[in-house]
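Q: The hints should help you fit chain B onto chain A, whose structure is shown.
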Amino acid sequence: MEVSEPVLLILLSLAEQPRHGYAILQDTERMSEGHVRLSTGTLYGALARLLDEKWIERIKEQDSSRGKQTYRLTAAGRRNLQMEVARLKHLTRVAAPRVARKET
Amino acid sequence: MLALYRVLLHLYPAPYRCEFGDEMMGVLLEVQAENQRKGAFAMLASGVHESGGLLYGAMREHFYSITGSYDNGTFSFKRRFAMRSEFRFPKATVGLMVVILAAVMLAIEKARAISMSIPHANPPVGPIRPEQFAIVQVLVAILIWAIASGAIGWGILFALRRSGIQQLSEMNPAAGQRSGK
Chain A
1 MEVSEPVLLI LLSLAEQPRH GYAILQDTER MSEGHVRLST GTLYGALARL
51 LDEKWIERIK EQDSSRGKQT YRLTAAGRRN LQMEVARLKH LTRVAAPRVA
101 RKET
Chain B
1 MLALYRVLLH LYPAPYRCEF GDEMMGVLLE VQAENQRKGA FAMLASGVHE
51 SGGLLYGAMR EHFYSITGSY DNGTFSFKRR FAMRSEFRFP KATVGLMVVI
101 LAAVMLAIEK ARAISMSIPH ANPPVGPIRP EQFAIVQVLV AILIWAIASG
151 AIGWGILFAL RRSGIQQLSE MNPAAGQRSG K
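These protein sequence lines are chains A and B, in that order.
The numbering used here puts the first residue of the first sequence at 1, with every later residue one more than the last.
The numbering used here puts the first residue of the second sequence at 1, with every later residue one more than the last.
Careful, some of the hints might be misleading.
Cβ-Cβ distance ranges computed for the label pairs, FRET-style [as the list claims (entries may be wrong)]:
#, chain 1, residue 1, chain 2, residue 2, range
1, B, Leu157, A, Glu5, 30 to 38 Å
2, B, Ala40, A, Arg37, 12 to 20 Å
3, A, Gly34, B, Ser149, 46 to 54 Å
4, B, Leu157, A, Glu33, 38 to 46 Å
One-sided excerpt, in silico: chain A residues whose CB lies under 10 Å from chain B [claimed, not checked]:
#, residue
5, Ile24
6, Arg37
7, Leu38
8, Ser39
9, Ala48
10, Pro97
11, Arg101
Everything labelled a hint here was simulated from the structure, so no lab data went into it.
We put the beta carbon where it would ideally sit given N, CA and C, even for glycine.
This is chain A alone, in the form it adopts within the complex (with noise of 0.2 Å):
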């Protein structure tokens, strides 16, 4: 499975702690510093596809009353993001050099 920017930004929210919709939805707009603005269809696209892949799973919270679900990454979605987060990693090494070369 390849992942988009919105996807990935998920993926790094749930990295750092088991979070709900809406505190996803904050995170990654604080994450890309307003860049990113999910919408909820596209947030709950994204974790559906995402619960199907088994790639994060619900977990069972005390504060379930307003019919809230939390959401955390499976080892199988912390593995997938290491491996994501080290080709972004190859790819800004190999661009820095190159983006940085001035005109002659």
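A: Just chain B now, kept in the frame of chain A:
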């Protein structure tokens, strides 16, 4: 605005709505409460943003529930997010295609053998006159055939979806939830 969100949520497929509907409504309530504090413009912008997201999401889920795939470029997640699809052709299709191909090749070989056994059965064909071209009729026939094939294919997918076979295959009895997509 919340009434509009409720209407838009009803556009989602029923299984998806059952699983995520209440939760999504809770998040939309929190988003609205936050934007109320920011002012009228933030409320309006958020309303447009969320409504668009819900509409797009509903279309995407319906597309998925019919085809079993998001990977068509239109309903896939933005950039580099291709999910694995569980929608596959039956294995029998491959066998059937092999049988059809073998039958076609056999027919060609038989025809060639018959042609060789009767040396002067096929006189040379003279120049083809323009009135002998039947391109329009052929194109119309191909178009009708393509439309009919598409309609039959769509009908089969729709019937499968309506009959719940696909949803049943996605159920995980242990968890009581959808499993693979």
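Q: Please go over all the hints and tell whether each is borne out by the structure.
A: Going through the hints against the structure:
1. Between B/Leu157 and A/Glu5 the C-beta distance comes to about 32 Å, which sits within the given range of 30 to 38 Å.
2. About 18 Å separates the C-beta atoms of B/Ala40 and A/Arg37, a value consistent with the hinted range of 12 to 20 Å.
3. The hinted range of 46 to 54 Å is satisfied by A/Gly34 and B/Ser149, whose Cβ atoms lie roughly 49 Å apart.
4. A hinted range of 38 to 46 Å for the beta carbons of B/Leu157 and A/Glu33 is consistent with their spacing of about 43 Å.
5. A cut of 10 Å between beta carbons decides the hint on A/Ile24: the least distance to chain B is about 9 Å, and the hint holds.
6. Satisfaction of the interface hint for A/Arg37 is found here, the shortest Cβ-Cβ separation to chain B being roughly 7 Å, below the 10 Å cut-off.
7. Residue-level restraint check for A/Leu38 holds (minimum Cβ-Cβ distance to chain B is 8 Å; threshold 10 Å).
8. Annotation: A/Ser39 was flagged as interfacial toward chain B, and the flag holds, the nearest CB pair being 2 Å apart, inside 10 Å.
9. The restraint placing A/Ala48 at the interface with chain B holds, with a minimum CB-CB distance near 7 Å, inside the 10 Å limit.
10. At a threshold of 10 Å, the smallest CB-CB gap from A/Pro97 to chain B is about 24 Å, leaving the interface hint violated.
11. Interface restraint check for A/Arg101: the shortest CB-CB distance to chain B comes to about 26 Å, outside 10 Å, so the restraint is violated.
Of the numbered hints stated above, those contradicted by the structure are hints 10 and 11, listed in ascending order.
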